[in-house]
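Sequences and hints are given; from them, build the entire structure.
There are 2 protein chains.
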Amino acid sequence: MIAVVCLNPALDVTHHVTAVDWAGVNRPGAVHARPGGKGLNVARTLRALGVDVLVMGLTGGITGAGVEAALGELGVPAAFTRIAGETRRTFTVVDGRGATAAFHEAGPGVTAAEFAAFRARYERALTGSAAVVLSGSLPPGLPAGSYATLIEMATAACVPAVLDAHGEALRRGAAAGPAIVKPNLAELEALAGRRLSAAGGADLTGVAAAARELRQAGARAVVTSLGAEGLLAATGDGRWQARTPAPVAGNATGAGDAVAAALAHGLVLGRAWDERLRHAAALGAATAAAPVAGEFSPADYARALREVTVREVAVEEVS
Amino acid sequence: MIAVVCLNPALDVTHHVTAVDWAGVNRPGAVHARPGGKGLNVARTLRALGVDVLVMGLTGGITGAGVEAALGELGVPAAFTRIAGETRRTFTVVDGRGATAAFHEAGPGVTAAEFAAFRARYERALTGSAAVVLSGSLPPGLPAGSYATLIEMATAACVPAVLDAHGEALRRGAAAGPAIVKPNLAELEALAGRRLSAAGGADLTGVAAAARELRQAGARAVVTSLGAEGLLAATGDGRWQARTPAPVAGNATGAGDAVAAALAHGLVLGRAWDERLRHAAALGAATAAAPVAGEFSPADYARALREVTVREVAVEEVS
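Here the protein sequences line up with chains A and B, keeping their order.
Numbering (the working numbering) for the first sequence: 4 to 322.
Numbering (the working numbering) for the second sequence: 4 to 322.
If you're looking for bench data, these hints aren't it; they were derived computationally from the structure.
Please read these numbers as outputs of a predicted model, since none were measured by experiment.
Every residue, glycine too, gets a C-beta built ideally from N, C-alpha and C.
A hint or two may mislead.
[Said to hold, decoys possible] Facing chain A, a subset of chain B residues (Cβ under 8 Å, in silico):
hint, residue
1, VAL16
2, HIS18
3, ALA22
4, TRP25
5, ARG30
6, PRO31
7, VAL34
8, ILE65
9, ALA68
10, GLY69
11, GLY75
12, VAL96
13, ALA104
14, ALA105
15, GLU108
16, CYS161
[As the list claims (entries may be wrong)] Cβ-to-Cβ under 10 Å is the rule here; a few derived chain A residues that face chain B:
hint, residue
17, LEU14
18, ASN29
19, ALA68
20, ARG85
21, PHE106
22, GLU155
23, LEU207
[Unchecked claim] Chain A is nowhere near these chain B residues, computed Cβ spacing over 10 Å in every case:
hint, residue
24, ALA102
25, ALA160
26, VAL295
As structure tokens, this is what we get:
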């Protein structure tokens, strides 16, 4: 079983409006509401791969109850710790002429006692877990070191952790020694405090240097998603780059979450890094092509697996 | 006790954003969620006047549960009939530079069996009701004659009805003989199929003629809200116009709902029409000045009561 930690889940509401009046009253033609948050996408992807998962996180209020109910309908097992604050909503307006506006609530406050109750359940769940994925933003009430705490607990229980976060939560989480961290290029740039791209794409040497710093800080492996240039893995065994022939278009958030899911899956299966990266790139591409994060067509996944190229990156290339 | 029928309640979500990016991701600085729908505003206003109320309507899904919970927190007694469909949300984005965009979901489908279950509870509630207010849009699943049916039931139980609706629901509801219908100028124009305003404001003669048609169709009295020109009541005892010295600015929807509440209150108290209209105009003005529909400052209400002027409109003025 893979435990998926989603501390700040959301109810994602989408309104489709033929021609939005940004200064008036609109009556959407179609309305969708589904559970969201990066961790939930990871869990749904793992479920679709046939992996047993348990979503763990914090939910509160009516919106939290809505997230739990909708997740139940999707058949994703979850054990949420209830909190007094209200689970956040995200609201997206899709205009028939192509514009999209999104409004993301920050999430609830979380008390120290509530986070302690979560940790107690998390510690019990680690006993039966082959890996844990920690994914997405922290609710504003939690300290930036929260992922680091959870990674230390996983390490103490001999459970490898995959971390997909950004900013201070990523920096401090990486220092706690997770098996894999998965920043995208912008997140790695923000952490390194310098540009890692040049005209035309990522600066591989710069990315490798920033990944090396993250590994020196504590992360055992760093997989950076580079958009059109695929994935770059920096590990104790070497470096690999995986690319799809066509650049990944579509749902970038969903694609990144699928990459995290595939990395956790490959970790549990004990796949060698080159194959682990091939599956991650293929699943990312297949998910980007699907209309909803957390979903992919098995045929797209199979085709992408055949098309992905993985090459080892020599030390001299990136130093 | 006054029964307030709110067949299509809503969860009103408002996001305040300093400077909205209509083509990007926004993180609202403040988020408010409260129960909405015109009937709920009427009920809250009546509660604030010290009147016992019972909100009756249809709720479904998680959003419906949220509306019920929030109404409970506000101390408004309610007896909702649960339906399989999902209660609607309205979503409003308020930009710090003054623009406001609103997105109103239509509401749930309602089966014939669900509406029959509602009617059975409604019939029982009529026994203890001094009046009933029917307010707001019908959910898309209900036939346009639904308010007419409920007014006929009230009449059979000797309970006077106040109807605040628009379009076909208003036309058919008026034909069922309610004590008062309360259109605004635009709603009366839509029903009459002709313009009732001239440069500078409402055409009183035209409004009176359209109100006469509504009375001939079945409504016992018609109170039309005219914005800056106040309220015009057309009744079997004569016609009155109530005006506030300063035009009513602020929350127009909330003001209209307060007028409906005050008309029902005056009806139950047996106030003469001139006084009934004075209170309605004053409560509308006080509510327009409040930040939230369904609320008003008692001091504003008292001051407006002193300032409102009511005059009888002679037949020759409007024919």
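Cross-check of the supplied hints:
Interface hint at VAL16 of chain B: satisfied, since its Cβ lies 7 Å from the closest Cβ of chain A, which is below the 8 Å cut-off. A least Cβ separation of about 5 Å between HIS18 of chain B and chain A falls short of the 8 Å threshold, and the interface hint therefore holds. Hint status for ALA22 of chain B relative to chain A: violated, with the closest Cβ pair at about 13 Å, above 8 Å. The restraint placing TRP25 of chain B at the interface with chain A holds, with a minimum CB-CB distance near 5 Å, inside the 8 Å limit.
Among the interface hints, the one on ARG30 of chain B holds; its C-beta lies about 5 Å from the nearest C-beta in chain A, closer than the 8 Å criterion. This hint holds: PRO31 of chain B has a C-beta 6 Å from the nearest C-beta of chain A, less than the 8 Å allowed. For VAL34 of chain B, the interface hint holds, since its Cβ comes within 8 Å of a Cβ in chain A; the closest pair sits about 5 Å apart. Checking ILE65 of chain B against chain A by beta carbon gives a least distance of about 4 Å; that is within 8 Å, so the hint holds.
For the restraint placing ALA68 of chain B at the interface with chain A, the shortest Cβ-Cβ distance is roughly 6 Å, inside the 8 Å limit, so the hint holds. Checking GLY69 of chain B against chain A: minimum C-beta separation of about 4 Å stays under 8 Å; hint holds. Below 8 Å, beta-carbon pairs count as interface contacts, and GLY75 of chain B has none with chain A, the closest being about 12 Å; its hint is therefore violated. A distance limit of 8 Å between C-beta atoms decides the matter here; for VAL96 of chain B the minimum to chain A is near 6 Å, and the interface restraint holds.
Hint status for ALA104 of chain B relative to chain A: holds, with the closest Cβ pair at about 5 Å, below 8 Å. With its C-beta approaching chain A no nearer than about 5 Å, ALA105 of chain B sits inside the 8 Å limit, and its interface hint holds. The closest approach between the C-beta of GLU108 of chain B and any C-beta of chain A is roughly 5 Å, which is under the 8 Å cut-off, so the hint is satisfied. A distance limit of 8 Å between C-beta atoms decides the matter here; for CYS161 of chain B the minimum to chain A is near 38 Å, and the interface restraint is violated.
Contact between LEU14 of chain A and chain B, as hinted, is supported at the beta carbon level, the nearest pair being about 8 Å apart and thus within 10 Å. Below 10 Å, beta-carbon pairs count as interface contacts, and ASN29 of chain A has one with chain B at about 5 Å; its hint therefore holds. With its C-beta approaching chain B no nearer than about 6 Å, ALA68 of chain A sits inside the 10 Å limit, and its interface hint holds. With a cut of 10 Å, the hint placing ARG85 of chain A at the interface with chain B is violated, because the nearest CB-to-CB distance is about 14 Å.
Against a cut-off of 10 Å between C-beta atoms, the interface hint on PHE106 of chain A holds, since the closest Cβ of chain B lies about 5 Å away. Checking GLU155 of chain A against chain B by beta carbon gives a least distance of about 30 Å; that is not within 10 Å, so the hint is violated. At its closest, the beta carbon of LEU207 of chain A sits 28 Å from a beta carbon of chain B; the interface hint therefore is violated under the 10 Å criterion. Against chain A, the non-interface label of ALA102 of chain B is violated: not every CB pair exceeds 10 Å, the least being about 5 Å.
Look at ALA160 of chain B: its CB is around 35 Å from the nearest CB on chain A, clear of 10 Å, so calling it non-interface holds up. Under the 10 Å C-beta cut-off, the non-interface status given to VAL295 of chain B relative to chain A holds; the minimum distance is some 18 Å.
In terms of the numbered hints stated before, the structure departs from hints 3, 11, 16, 20, 22, 23, 24, listed from lowest to highest.
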